[in-house]
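Asks: The primary structure of each chain is shown beneath.
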Amino acid sequence: MNFDKGGRGLCLPRVETQYIASLRKRRLKHTTAVQRGEAGIPRSIQAYLQIWFSATRRGEIFFALTAMIFFVSLLFSLEAQPQSRGDLGTAPGQTPKLSQVYRPYITGRVVSPDSSYSTNATIEIAGTGIYTIANNKGEFNFRGVYIDEGTLLMKHRQYPEILTIKFDTLRRGPFIFTLQKIKEQQIEAVDVIETGYFRVPQERATGSFVHIDQELLNRTVGSNILDRLAGVTRGLTFNQSNVGSTIFSSNAPSMSIRGISTIRANMEPLIILDNFPYEGDINSINPEDIESVTVLQDAAAASIWGARAGNGVIVLTSKSGKFEQPLKVRVRTDMSISQKPDLYYNPTIPMAEYIDIERYLYDQGAWNGRINQVYPYVTPTIEALLAYKNGHISETEMEERIAQLKTQDVRRDLDRYVYRPTGLYKAAVNFRGGSKQHSYYLSAGYDKNLGNIEGHHNERLTLQARNSYRMFGDKLTFDAHIQFASDRNRRGGSAPYQVLYDRLADEQGNPLSIGGGYSSSGLRQSYIDTAGNGLFQDWNFYPLDNIYQYENLIAQTSYQVRPSVTYRPLDWLSLTANYQYMRQFSETDDIRKAEYFDIRDIYNRFSKIDYASNTVAHSLPEGGTLSQYANGLSAHYFRMHFNIDRYFGTRHQFNMVGGMEVNSRTTLYREFPIMLGYQPETETYTPFDLTKSYPNYLTKGTGTMTSLVPRNASRSTTLNRHILYFANASYTYDRRYTATFSARKDAANIFGADINQRGQPFWSAGLRWQLHEEDFYKEDWLSKLVLRVTHGYTGNVSGTSSYITAAIAATSDIRTGRVYQTITNPPNPQLGWETVGMTNVAVDFSMFGDRLSGSIEHYRKKATDLLSTQPINPSAGVTSLFGNWSSLRGWGWDINLTGKNVQTGHFLWQSDLLLSYTNEEVTDYELKPSSDRLYLTSNLGTYPIEGRPLYGIYSFAWAGLDATGQPQGYMDGEISKDYTDIYNNTRLDDYVYHGRATPPLFGSIRNTFRYREVELSFNISAQFGYYIRRAGMNYGQLYSVTGYTTAPYQYDYANRWQQPGDEAHTHVPAAQYPVVANRETFYGMSEVLVERGDHVRLRDIRLAYRLKLPRIGLPSVQVYGYANNLRVLWAANKLGFDPEAVYSNRMVYPAVRTYSFGVNIDF
Amino acid sequence: MHCVSTNVEINIKHKKMKKLLYLFIILFTLSCGKGFLDVKPSSNTVVPTTLEDFQQLLDASVMRYAPELLDLQADDYYLAPTYWHSMSNVVFRNAHVWADDIFETMESENYGWNRLYEQIFYSNVVLDGLQKINITLGNQKTYDQVKGSALFIRAMALHYLLQLYSPAYREDRADIGLGVPMPRSSDVNEKVYRPSVHECYAQIIDDLNMAKDLLDGQVDFGRPSKVAAYALLARVYLMMGKYDLAGRASENSLLLYDDLTDLKVSNKRDYKKTIYLAFMAPATIIGTNLSNVLTDPELYEMYDGSDLRKTFLFRLNTQGNINKTDSYNLSLYCFSGLDTDEQYLIKAECLARLDKPEEAMQTLNHLLRHRFSTYTDLRADTKDEALEIILQERRKELVFRGLRWSDLKRYNRDGANITLARTLGDKTYTLAPNSNKWLFPIPPNEIKTSDISQNPR
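Listed in order, the protein sequences are those of chains A and B. First residue of the first sequence: 6, per the working numbering; consecutive thereafter. First residue of the second sequence: 37, per the working numbering; consecutive thereafter.
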């Protein structure tokens, strides 16, 4: 500091034009002041300064000007004159001490390291109204600032946040404002949240958002964007449709955000692609085109989506070009290989033992019924026994054949000849960039996925072009976005088997027959060998050939056109019109070739042999069959909205968006009659009447070809229309307090007049308090502390119409002969949206210098007016009504923590922990099943129980095996073996309730290690607190003569009760033939077969290395390896199975391990 | 998408911003036509909107069901004891012996309450739907016919409900008890209550008077007609004790249609010749065998040898029991619609009650000439004499027609003091004339969901 007390000797090198500009604004006022002030001492420095400025010639003034400012300023401050409106100078009431001398100017620079933003930011001294604009190089400076200390505010039109730097007497610059690129910002930095309607910086968000950025999305390699959210999104669970022997009701969601919010309506979250709901196939979206994903979790976040947001919203934001950015090219390609399925995963009865059981059944006469019918399928063991019995082979030959069968295992052949490792190949390239007036994004992607059986594969091609134009000095922006995707999915035949010891190929690999068919309606090998005097087509079934004789082709094309126009008449106001047209259509060809077994089978069955002339007459024309279906979807969306984004002074910030939307969505399904005698080469077929009866060779009568359904051409369409109004406003005061409010009103054509007119809006409100911004906040160790509270409502809808619907009766009235209609759905003008009210309380924090940061959220939700069927007063004319009757409540916690455990110059160890707890309870549901038994035997969720979660596991109480190996239960509190009584008459209260069938507590922990250019990360996920029912020993299946395909999977057979005393260490009942059906049912539903589902799993590992090759012009090349579905680290169940692949009485195997390798190149 | 079209001029000065903004908002809110949301969401369902749809709804089979509970409680027949003991439907079993607890653990009852309200619901659906149809010269006739039919069906169902669940109408007392809920719209959420019996009858009369003006004069057994409206009016007025109105209505109906089957010519009355077909389904009670429906020998003995109705209505089975026949060609079902014989009897009764015995007997004699193999006209000199003969003939003519229960209620109202009794096995059950059990209890699920008051029992 070289301050001269006299104010002399100071010299400024050059004049900043901005400075003048900022002063000029005040000219008039101060000139007036001067005129008044001429009579005495000017009342303000500003005024004094103005005198000089206006009175002196430009070229010379500045030396004097600056000097005089200092001089006068000092003069004033020495006189200790408090200034009421000191625009420039010391703060009111403050007197700088002479010892605290400082430079009267502040300098700095605005930088944007990756050129994402222009540097023309506005820099303002907080509370003064003084500002300057940084030049093209980002440089700025203030001159003559006689303010001891204060805050510089950097405002940027495109930048979502105001950056601040404090200055004081000692620190006057040069300061650097860094415009961080959004995605690279860490905890302290700003994430911009995309809601599909507007963007909001996380700093001003009150709601609960999960933002998955590009880096996290790129961590995994799948073709499906939603799959990439698994394990990295808090509160999000992926559900299975069945677990073990438990099947969920048909509307159970594939994924859920913060648990369940509905009972009968659609349970899937709403997917938004850019601005509009995405109604098409999610597989048509290439994850490489997605910039980020935002999951809207609470009401404040989602209520802008109103009646469709009850299950949460997932917003996908496409990549786009940037203005004033040089061309950037990114190429990504990777290849994944998955292992073959582990066919031996599910334990089975050893083949030798199983064949002995078959012989036992044969001896018991169980097969007699089938054997006597001459042609129905019997297993190879029975064939051998039968051949011996009929005197065709000797006993030794029979025993030899059976001994041979005991060594066979179809899984060996399946593994060798059928299954192959699957492969996924992906390539994507995109170009983006922009000039001052134009930005563009172009991309192309190609994926090819090879299934685990030959002939099963799908290909996807995606293309995208997006152009933005700025016109009239940025006042008008036009954006055009076109997306195109083409999917071709081919499925070939499979290789089914009849019994586990079937053999599919001989030593040379030639296909072998497993009899005449692959189901219980198949034909016996010894029958088809001789049937038809050699006049028939080959009647053998060869599983290995079957793969190639069938194909199902789905060709799907979808495109979206999305133009939008934004007009920005004022700095703070914009008006936008968006339109989207989306179309998706798919055509399915289902081709059965002439050689396909089913065709040969029908061909032979519907034949008539003339034994006299030894000729055969076939009914079915020669050739295969072709079935065709077509699905179409088209949708229009139109939205207009305004957007206000305005500062009032420096402390008040107001944002608002509001507008309306109209949309219309049509689906069309078409089905064509089956073509018979189809010749794929010429694409011709033979007309044939399937409704007529034809001579049947097997029954010697006539019959219709029931396995070839005589489909009529049919079509059906749906049309959904919505009109909606929305508004969202937020107000921030001094960066510390933010209040948000959001409202939306929906109207749809599925509802009757009442609900559309009554118009119950969905609204939300939220508050955010940035505690760490408060003056009194002194906790240095806790550098960020934010409290958020929100409350609001979202909705949900089912396709059920409130309009009356009727159906024309199939037959006319028998007495009047008249056609009549009956009402199938009564009109319900009060049918309305389901309402989900949610309260969310959250704390965001960052501590120990950002070493540990994260958030803790708690929510409670109340879903009311849920759609369900309920009995109503019969005087209404109907006895039950689908309406808004039920309710449930939910609650939970979401915690995410990021710890930078070790952070040195080149080394980083970071841990990301996600932990969620979600639970719900049905609070109102009136419809009861006709028998309590149905609570146990129906699919989960069919009969909700008040006071319990929607999906709960129940069972019969277990009283152990008795001394003879018979299972025992309870009836009226007494130990009972009356299985029929227990099965029919146990009341709901007497069932054992275990708990939820879906995990309430789940989470993941991801550890990332980075050393220089190498990065290693792995993700461990865990699920706790739920139950699964495994399939237990069922003698009904084991001893059923038609159950041979699944019977060997009775893996508990080895643990069965065999002798007195066994009851002490097993609960598997003793073998019993003939079977007591209800005993098996009781045991299958008993509590001993319910296991805890809790487990911990190593999801994936990723290793990446970034090569620096600056010399050959490749700025960045990243190579990576990735492996997922690695292994279960711990599971609570005693048997050691993967809870997502429970041992079952059929072939199951866990998700296969996948290894991937890829390259990412950025030019 | 005829919905939105805005022409936003780009070059608006800042001053004009406000105007633009207003324009913007107004266009947002107003530009959407109301019809945009009035389309049905799925093609695979019929949303009944046309006159043809409505006619088809009214042609539904369910519209012609009458409640068999009426005859089950009356004295036209009783059930074979062994069969009665084994009946699985507890409501029917209990109703037959006027048990204290009809429903036991059952919650609902489909054949009376539910089915009749279903008919009212269908009618209301049609009546509501008709309001949205523009009447033109071309469709006026059909429109009137459909509207009249809906009103008629609603009145018919309501009249049956009153017979079962409410006390007989008394001109002199409005406080005799509660009627039944009368939903007036198809909105199933409408709150229901029990109005007075008077209000209910007034509603029936209103509906029928409107219907008779709208309906076509041509009789069609499968659909309501002007004749049917008069005939039902006659029946309802008779039950109300308004004999002059009843007599006039029956006369009007007979003027339009007076076909009678002469039992000398045919011993079956084809249901296709009746005024309006409705039937009760004892089939649901008695399975597939009419031999479980037994007639009291006392009733059987009322018919003398030349009375052809003895074989028209009854037959003796091998065990010597008297069974019902299939007199209306409806196999197991009992005809309970409107037929001309009832109209003759109403007309005769009313004439008698209005002290015109001669004309009354003329009317009766015309009917009976079609009923006997040899018939000599009966004579009565006084009102009471005529009435006695006519009511006797009414008893004999209208067996298994669902009318006996109503007749018993009105006779007892007028002081007849009739006690019903039946013996099943070794137990005899009785129904005293002043018993609460003349009112059938409302199904418990109705009471539970709509909170209306239950009949005392």
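Derived from the structure by calculation, the hints contain no laboratory data. Wrong hints could be hidden among the right ones.
What the hints assert, rightly or not - Below, in silico cross-link-like pairs of lysine-lysine (BS3-like), each with a Cα-Cα straight-line distance of 25 angstroms or less: (1) K697/A with K598/A; (2) K463/B with K933/A; (3) K783/A with K598/A; (4) K867/A with K783/A; (5) K76/B with K750/A; (6) K933/A with K300/B; (7) K300/B with K432/B; (8) K278/B with K227/B; (9) K933/A with K905/A.
Asks: Evaluate each hint against the coordinates.
Replies: Here's how the hints hold up against the structure:
no., hint, verdict
1, K697/A with K598/A, "23 angstroms, holds"
2, K463/B with K933/A, "38 angstroms, violated"
3, K783/A with K598/A, "79 angstroms, violated"
4, K867/A with K783/A, "38 angstroms, violated"
5, K76/B with K750/A, "21 angstroms, holds"
6, K933/A with K300/B, "58 angstroms, violated"
7, K300/B with K432/B, "17 angstroms, holds"
8, K278/B with K227/B, "32 angstroms, violated"
9, K933/A with K905/A, "53 angstroms, violated"
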